[in-house]
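Engineer: Sequence:
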Amino acid sequence: MAHGAVFVAIEADGPWWTVKADTLTAGSGHVVDDTVNDAIRAAIVRLVHNREVGTDAYTGPVYFMMHDVSSEERARELAAALHAALHGDLEPLHRAVPPTS
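Heads up: the sequence shown begins at 471 in the working numbering, then just goes up one per residue.
Check the hints yourself; a few may be wrong.
[Claimed, not checked] With a straight-line cut-off of 20 Å between C-alpha atoms, the simulated EDC-like cross-links for lysine to aspartate or glutamate are: (1) 490 to 547; (2) 490 to 542; (3) 490 to 526; (4) 490 to 559.
[Claimed, not checked] Restraint ranges, calculated between C-beta atoms of paired labels, are given here: (5) 550 to 524: 18 to 28 Å; (6) 546 to 511: 28 to 38 Å; (7) 505 to 533: 17 to 27 Å; (8) 516 to 486: 15 to 25 Å; (9) 498 to 559: 18 to 28 Å; (10) 504 to 542: 13 to 23 Å; (11) 474 to 521: 11 to 21 Å; (12) 519 to 497: 29 to 39 Å; (13) 528 to 568: 14 to 24 Å; (14) 521 to 498: 28 to 38 Å; (15) 520 to 497: 27 to 37 Å; (16) 540 to 499: 18 to 28 Å.
To be clear, the hints were calculated from the coordinates, so they are not data collected in a lab.
Ideal Cβ placement from N, Cα and C applies to all residues, glycine included.
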């Protein structure tokens, strides 16, 4: 296992996809600040509300998971956005899951 790396993955679950991220793999030096955690949590809540992911989603602060994603393409988009956000770049997350006005 690579040290200092956040684990992010997608996996097929029948016709659905799951997106997972685990920040513990990055080690104790990797800290996700409250602003990032809040943005990720809000994005996942919007996805649940819009029925794009299942209601059993994990919203952090260390482990994030979204079940019932409809396609591999969408799962990859969400995984990439989550990975960027966990490294401090919220722009891909805002593009993938736009904030409500």
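Engineer: All hints are to be evaluated individually against the structure, with a verdict given for each.
Structural biologist: Status of each hint after checking the structure:
| no. | hint | verdict |
| --- | --- | --- |
| 1 | 490 to 547 | holds, 12 Å |
| 2 | 490 to 542 | holds, 13 Å |
| 3 | 490 to 526 | holds, 13 Å |
| 4 | 490 to 559 | holds, 18 Å |
| 5 | 550 to 524: 18 to 28 Å | holds, 20 Å |
| 6 | 546 to 511: 28 to 38 Å | violated, 21 Å |
| 7 | 505 to 533: 17 to 27 Å | holds, 19 Å |
| 8 | 516 to 486: 15 to 25 Å | holds, 19 Å |
| 9 | 498 to 559: 18 to 28 Å | holds, 22 Å |
| 10 | 504 to 542: 13 to 23 Å | violated, 32 Å |
| 11 | 474 to 521: 11 to 21 Å | violated, 36 Å |
| 12 | 519 to 497: 29 to 39 Å | holds, 33 Å |
| 13 | 528 to 568: 14 to 24 Å | holds, 22 Å |
| 14 | 521 to 498: 28 to 38 Å | holds, 37 Å |
| 15 | 520 to 497: 27 to 37 Å | holds, 34 Å |
| 16 | 540 to 499: 18 to 28 Å | violated, 36 Å |
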